[in-house]
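**Student:** Chain by chain, the residues:
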Amino acid sequence: MTARIKLVDDNGIRTDGRKLNELRPIKLEVGVLSNADGSAYIEQGKNKILAAVYGPRDVHPRHLALPERALLRCRYHMAPFSVEERKPPAPSRREVELSKVIRESLEPAIFLEQFPRTSIDLFIEVLQADGGTRCAGVTAASLALADAGIPMKDLVVACATGKADGHLVLDLNDIEDKEGEADLPVAYMPNFNAVSLLQMDGLLTIEEFKQALDLSLDGCKQIYKLQKEALKAKYIAIREEVEECLQ
Amino acid sequence: MSFFYERRQIVTPGDLLAEGDYLTGDNTYREDSKIYASRLGLVEYEGRKIHVVALNTFYLPSVEDQVIGKIIEVNMNGWTVDISSPYAATLRATEAFNKPFKPQRDDLTSFLDVGDLIIAKVVAFDRTRDPVLTIREPGLGKVTYGQIIRVSPAKIPRIIGRKGSMVNMLKKETECKITVGQNGLILISGKNPENERLAVMAIQKIEQEAHTSGLTDRVTEMLRKERGGIG
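Which chain is which? The protein sequence lines are Z and U, in order. All residue numbers for the first sequence refer to my numbering, where the first residue is 265 and numbers rise by one. All residue numbers for the second sequence refer to my numbering, where the first residue is 828 and numbers rise by one.
Be aware that a few hints might be false.
[What the hints assert, rightly or not] Only some residues are given here: those of chain U computed to face chain Z with a beta carbon under 7 Å:
1. 840
2. 865
3. 867
4. 951
5. 952
6. 954
7. 1036
8. 1049
9. 1050
Just so you know, the hints here were simulated from the structure itself, not pulled from any lab data. Ideal Cβ placement from N, Cα and C applies to all residues, glycine included.
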């Protein structure tokens, strides 16, 4: 390989001007879709992702219903216009896999056993992709679940760490994801210090892995604060408005 | 033994509310001796019990609840009723007729047809069985007039108020008949459309501002002002 792109310059600054352990700017919004029972929107760097939740509701087809708990169904989907080259709208192998891992990362956080014979349907729609969409998807999805009023043990928050030009870098963007040496997405429940998703591709030494995991968890904790603020924002705004009127 | 939040502070799922010898109330759960919130809501303490008053929920049936439902299916020996909850309810045909019900003689659709609205009460519900309704009590039965509005079931306690204070005030100020279903549907019927409009407006205000304090007084004031403007 010749003329590789330099992902980290001599001063430790990345292609988009971030430091090694810096997150991309994140914007979170809750309750953006009025037809869904719960919804959330996330912008993380150039990522733009919508999450919508329906349920708990009747299971269709009927035979899928579970007698002892609710069924969580998840669809992760990338819009055809979400990437540079048009992506066919049919679910690809990758999307089917991500739907599964996202579902499994959220399942331990939800009290599914409280709603037997029902289903909770989760839709994650990537409108614009820029690396780390599964993590941003999990972050948005757990907000949408909370917005739908579904009882949860904790919010789930996800963040990836990778290796680019020999440096561990937090919250990979698209180019670092593709050109970098490794990628380690982690989903995390901060109040229980529990990891619910851990994937890795590429190569890391054991020592690097430990550091990368710590870095990911650190990123998760930062995003967790934003998640809580986003959930409360709508209600705090109304309360302040009322209090202003009273004065 | 310690609390971590003030009364009426907003908490999110997973927030640690208290540690020690406390009881779990609504929308909370226990892990060892720690009590956490399981929904977005406001913290309330009631002696040793800790509640979270949810800001948004769906309706889970509970025995003795009055609900407003819509017939979605007519079966051989009863009706399926949508009570806007995760579980569809059933109403048995024996509820409708005074004499013993015979499928070959009695036409269920002549009593209730698809699309009809009913006020009903939940008589049975648990994890293994869908809710069963009854309409054989005074005040229950088919809805024949009025208008229905839908609010989040989480706001119903606020609309009823302490011992019915809010809904009684609404009835008095707007001179409307107001029937509140625990599942978030409210039936309003007034002497004229103007009264009904006022009631709807007031209920929407309560839903919007349910988590703020001094609401009853503010709604009363708003209604009096509105009525004064008309008269």
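**Student:** Could you run down the list of hints and mark each one as holding or not?
**Tutor:** Do the hints match the structure? See the list:
1. 840: holds, 4 Å
2. 865: Holds, because the Cβ-Cβ distance from residue 865 of chain U to chain Z comes to roughly 4 Å (cut-off 7 Å).
3. 867: holds, 5 Å
4. 951: violated, 16 Å
5. 952: violated, 12 Å
6. 954: Nearest chain Z Cβ about 5 Å off; hint holds.
7. 1036: With Cβ-Cβ at 6 Å, under 7 Å, it holds.
8. 1049: Violated: closest Cβ of chain Z sits about 11 Å from residue 1049 of chain U, beyond 7 Å.
9. 1050: Violated, because the Cβ-Cβ distance from residue 1050 of chain U to chain Z comes to roughly 16 Å (cut-off 7 Å).
In this structure, the earlier hints numbered 4, 5, 8, 9 are contradicted, and the remaining ones agree with it.
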